Each structure stands twice: as C-alpha cells, then as structure tokens.
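Protein sequence lines correspond, in order, to chains S and B.
Each number in this note's numbering corresponds to the 1-based position in the first sequence with 4 added.
Each number in this note's numbering corresponds to the 1-based position in the second sequence with 246 added.
These aren't lab readings, by the way, just hints derived from the structure by calculation.
It is possible that part of the hints are untrue.
Pairs of lysine-lysine residues, derived as DSS-like cross-links and limited to a Cα-Cα distance of at most 30 Å, are as follows [what the hints assert, rightly or not]:
1. B:510 with S:184
2. B:272 with S:388
3. B:513 with S:388
4. B:423 with S:276
Computed list of chain S residues with no C-beta within reach of chain B, every gap over 10 Å [stated by the list, open to error]:
5. 16
6. 110
7. 142
8. 149
9. 158
10. 180
11. 212
12. 285
13. 286
14. 288
15. 351
16. 382
From a predicted model like this one, the values you see are computed outputs, not experimental measurements.
Here a beta-carbon is modelled for each residue, glycine too, at the ideal position from N, C-alpha and C.
These are the residues of each chain, in order.
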Amino acid sequence: MDFKFTEEQKKFRQEVRDFLEGEMKQGLWEPSCDAWIMAYDPEFTKRVAKKGWIGLTWPKENGGQGRSFIDRLILTEEMLRYGAPAACHWFADRQIGGAVLHYGTEEQKREILPKVIKGEATVGLGLSEPEAGSDLASLKTKAVESGDYFIIDGQKVWTSGGSHMNWVYLLARTDSNVPKHKGLSEFVFETSLPGITVRPIVDMTGGVHFNEVFFDAVKVPKKCLIGQKNGGWQQVLNQLDYERSGMERLTANYPLFAAVTQYAKETKRNGKPLVEDPLIRSRLAQLRIELEIGRLFMYRVALVMDEGKAPNWESSLAKAYGTAFEQRVASTAIEILGLYGQLSPQSKLVPVSGMAYHSYLSSKGYSLQAGTSEILKNILALRKLGLPSQ
Amino acid sequence: MNLALTEEQEMLRTSARDFLTAKLPKTVVKQIEESETGYSPELWQEMAGLGWMGLAFPDKYGGAGMSFLDLAVLLEETGRACLPGPYFSTVILGGFPILDLGSDKQKQEYLPKIASGELIFTLALTESNARYDAAAITVEAVAGKDGYILNGTKLFVPDANIADYMLVVARTDKKAKPESGITIFIVDAKSPGISSTVLKTIADDKLCEVVFNKVNVPKDNILGQLNQGWSKVEKLVERAAVAKCCEIVGCIQQALDMTVSYAKERKQYDRPIGSFQVIQHYCVDMLIDVEGARLSTYQAAWMLSEGLPCTEEIAIAKAWASQVSPRVMALAHQVHGAIGCTIDHDLQFYTRRAKAAEVTFGDASFHREVVAQAMGL
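In isolation and in its complexed conformation, chain S is listed as follows (with noise of 0.2 Å):
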C-alpha cells in the first residue's frame, strides 16, 4: 500500500498548474464550473493539445503519450480545479477516443486519434434518445447497410457537444429482428455529412450545453463502423466505464466550493468573520472531508485502468458518491451565501461571480449524465454486491 504521488507525479501537477496560472494571467479565460462540459474554447484545446495532454494514456505508436491514469487523473483534476475551458477536446480525449483505441481497425485508428490528439476533432455523444434513456438498450435510431455505407435515421438527445462538435458518436440500432441488446453498433465520423441537423436545448441555468441531433438518411460510409456490426452494447459498456470515471464526477464545481470558502473568510456578519460561527465551520469541514472520500474514490478508479482492468463497479460507486457530493456543493454554497446565493451571474451584488446560482441549477443533471444516480447503484448491487437481479 502506498497513497503518495511520485516525484514525477508532482512535478507533473506542478507543470500542468503553472500552466494554468500563465493562462490565466494572460486573461484567456475566467474559471468557471462546468467548464469541462460548458465552456468550449478552440483555441485553449489547441494550447492543450501542443503541450501533449490530449490523449496521454494512448499508446505512443498512436501519437499518444503512453502516459497512466494516474497521470490523466492529476491532469484533469488541475483543469477542474482552474475551471479551465476544456470542453472541446473533454469527451473525445476521455471516451472515444479510447473507443476507437480498444475497437476501432488500424485505419480509423490512424484517421481518427490525430484529429483528436491535435485538438482538431470535437466529438459529440450520441447516446440517449427520446424513448431510451435509462434503457438506453432500447434505442430507435437506425443504421441500415446498403452497399457502401449505412443509411442512418434517427435521432439523438441529450447530445453533450452537439453544437459544437465536427464529429459525432453515435450508438445505433443495426438489426432490429434480435433481443435489443443484440443488434446494436458504434459509430463515428464528421458531421460535415448531409441530414444531421443539431437543435440546441436550453438548460435551466439558461445555458446551451445537451442538444438535439436529428438524422435524415445520413450515408455514413461502413468505414466508420467501429468495432463489430451489432456488438455495440458490450463495447459501449466499456465505453461508459470511462465516461463514468473522472474527477469531473467529484470537482466539476470545485471553483464554487474554493470560491465560498474564501468568501466565508472574508466577509463579516455581526462583526465577526462568517468562519467563525461553528455551523458554517462545520459545513465547509463536512465538504472537505466529502471531497477527500471522494478523490480516494477517483483515484482507485485510475489505478483499476493502469492495471489494465475496465474499472466497472469502481467507476459506477465513484460517480454515484461524486455527483451527489457536487450537488452538496452548489446547495451549502448557498445556504453559507443567504440572501445573496440566490442571485444570478448577470444581478447586481452577486458574490462568487454568480457560480452558487448557476452550479445549483446545472447540478441537478450530475446524477442523471452517463448512468443515474439508480442505475448505478443497480450495478453495484449486482456486480459488486452479488444480489439477485429482479
């Protein structure tokens, strides 16, 4: 047993900080939550993609870094803790990417990673659909073979990056005469192809980040099967292993909570300084205690993928603990705000550049991305737990 970072470990959070600190001093961007899933900036993936951190788990002769989870996890852990702008590149470098890795032939492999490694290539997740949302199993969209390619129909939601991406994801019926599980199949390619068309769908908090994506007969071309025609299910469980364990599980709002526990120091109530009343004490005690857990969760996630094991109920109790925790987050930041939490990024007064209100709103949808709150916990329960299933 052994819990600490090795000095390359630490010299590599320290190089990817000081990077994140120049940026900031230049003023490229402001720090914010969820900019992992919100703030999409070209430009910023461009910078990160010149320093190598896109794809650093990927094998070398694959243009990655052949770096560990370990190393990916101190990676994005700092990026959240900036609130650095990394969506563009997020999903691609986390899930994809690593899609295409495990299932993808030598040619995707060499078309695909490059794009996503040069920060080119912003991948949207073509998932869940109207009907098939827990039950993603049971979605409509079809694929159907003719000659050359596969004529797709159909249509997405929820769609992470939708309108943003060049490239999409997409999960899709390709036989629908088997047990719905069974004929299912992976895909990627450019949305530059005729008959998608991308509606964006507004959040609570106001903004744009899951949209719509609707496919009228798109002539996708078969070379952008990935993996085997009707195994999709058992690639795509892999798949949300990964999307299900990052840190953005745990910080994705970890500006907020620095940013409150820097207010609470500062701001006097009564002539006393807010840190001082032992119930806001306490609070801000519970959530970094909360946070500790968690990280330790995350960080097992990753030593499970450098053994070379899919991290599945691992991942599956980290996000389930993670999300729940953020959603702590954004709500003692408020009450620790009082009146003042309830103001809006745009309002007069507002503490905290506004995050209390926007990460209140945005984390209702932490529990429910890439697997609920109650389907992990289903897994658990089975997979880990040994239970019947019902």
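Following the hints, complete the assembly by docking chain B onto the known chain S.
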C-alpha cells in the same frame, strides 16, 4: 500509488480471521462481555503466542518489527470479530506511547512484557467533562519528596479493572496555560489509593471510573517530559483515532457482509428480498460508506506508518467513520428486519460496538473542527 495489501499483510489478515473465527464465536464474545473481568486470559495468551501484542514493536523489545500499517490490518480483523478485552488498551494506548516517548530503560522494562502478554496497560485520560481537550484535565500530580502524589478522578478508562499499569495524564502545573502544565505518568495500577469501578456501557466493554486518592508515583515514572505532555497526548489520541477507525472498518464491513447474505437468503413474496431495488440500494449505500471508511482509514494508517504529517487525514478518516457507522448499522437493521433486533442475533454486537467506537477518540464534530483548522477556517 498502490492500494493493495502486501502478500504478508494478506497472510496476516487470513490467519487473524481464521484464528478469531475459530476461537471467538459470538457465544464466547457474549461470555466475555458478561464476565467480571471482560477478557479471557486463555485467549490473551494465545494472542500473545501469535505475536499480536508486539506485532508493531521493534525486535529488540520482543516485537515482530512490523509496521503500524500491518497492525491496522489486524485491528480491522479484531473489529470484524468483536474482540473483547484489553488488546487495544494495551497495544495502542499503552505500548505505543511508551515506544514513542519512553526512555530506554522504560522501553526495556515494559515493552517486552507487553509483547509477551505479561502486562496489561491502559490510558487514563478523559475526565468528567468527557472531552479530549487540555482544559479537561484536572487530575493533579503534586511533586513530593521523591515523587508525585496523584489526586482526582478519571472517567471512561478502558480495562482499568484488570490493568497492571495505566498511563495517567495529569496536571503538574496549575498556573500554566491548560496545555502547558500536563505530564504523562506510568502508574502501577495496584498502587495504594487507586480504586476502579466498572461502568455499564453500550458495548459491554469495561470502561471504568478510576479514583486516585493520594497515589504515590516515583519521579522516574514520568513518560516523556514534565509539563510537556499535552502535545504528546494529542499525537496519542490521533494514533488511537486511526486504530479505532480500523476497528470500525472491520465492524461495518462485517455488518454489510451479513446484510448482503441475509438479503440473498431471506424470501418474501416468493423472492429474495435482495432482488428488490430498495433493498439493493440500501446495501449499495452501505457499501459506499464502508468503502469510503476503508480508503480514508488506510490512507491515514499508511501516512502514520510512514511517519508523514497527517493530522488532517486522520481527522477526515475518523470524522467519516464516525459519521457513517451509525447509518450503516441503521440500514443493516432495516434490511435484517425484526430478527436483527434480538439479543441472540449477531448483528447487535456490531450495533453496540459501532456506537461506542463512534464517540471514542473524537466523534465526527470533534474531527470536523480539526479539519476546519487545517483548512485555515
């Protein structure tokens, strides 16, 4: 980073679990709980024979030279088995402070006898205000001709009824600030003027009220330095808190395992209750809490073992363990149904011990305050 136990630690865990499963069925736990002494001399000697008392002490003091992290693995097993008796008191509250603070002579005198199972130790720290702070210490030690005279009352002293020695935390300078005038003494528990009364507790362990009435303690029996004891007591409490976390992890892991097995077996509406989603999610909520306790406890134990500064990590571990253990036990009971509430069911041993462990060496509020200070609040 690496979260796996070593092969040696796995072997220690397996052998400890096998031994405790064989020697300590709950019928025996119950007998020991109901006995006047609260321990089994036969079991104690067998444990000493396995090298448990000296596990983490150096070879030259009769120990096995293993680490505190190794001991953490064993403590988890003692928690899982509900081991009654003075193991924790002797090793954690007696042996380690002597190892950390003792003179060479004191170490030579006591540690080999602790390792061999000859001596039972305990710590007399808390008093009537039941808090782990310096101002709580009122038992007084006044310098006399050739030693000190102890007067006052200690409360919640574990195993004082059977201890051979106790470390007594006493005030030696009343004029100094609360934390500046405190000294630790090694006191022969058979000294004239000491009387112990066992208190009836939720865990049926033997917490005692210990009255010191003009008790003579030789000057040589100061552990560490005169008036410099409090910072050492704080470190001692930190170590004890981690050790208590290890017991809690064993305790709530066992409660989870029992609950999952029961949910698989127990049928209602013609199906195992563990197939109902509500029951499944209760079990998963327990799992998340237990896993958090395990990781944070082992992080703290590892840091302590490596000699790294870890006040905050210890406080995080104990705050979490103290916070989650009652809710883990509550869900364990909810899933077990009425049978789990009976005196003849094994679950009640864990319910009672978890509650006692929760408040011992700092409850969640106590440790949250430590974390608040570490955050600079």
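Each hint, compared with the structure:
no., hint, verdict
1, B:510 with S:184, "holds (29 Å)"
2, B:272 with S:388, "holds (28 Å)"
3, B:513 with S:388, "holds (21 Å)"
4, B:423 with S:276, "holds (25 Å)"
5, 16, "holds (13 Å)"
6, 110, "holds (33 Å)"
7, 142, "holds (19 Å)"
8, 149, "holds (39 Å)"
9, 158, "holds (30 Å)"
10, 180, "holds (29 Å)"
11, 212, "holds (33 Å)"
12, 285, "violated (4 Å)"
13, 286, "violated (5 Å)"
14, 288, "violated (6 Å)"
15, 351, "holds (27 Å)"
16, 382, "violated (7 Å)"
Hints 12, 13, 14 and 16 from the earlier list are contradicted by this structure; the remaining hints agree with it.
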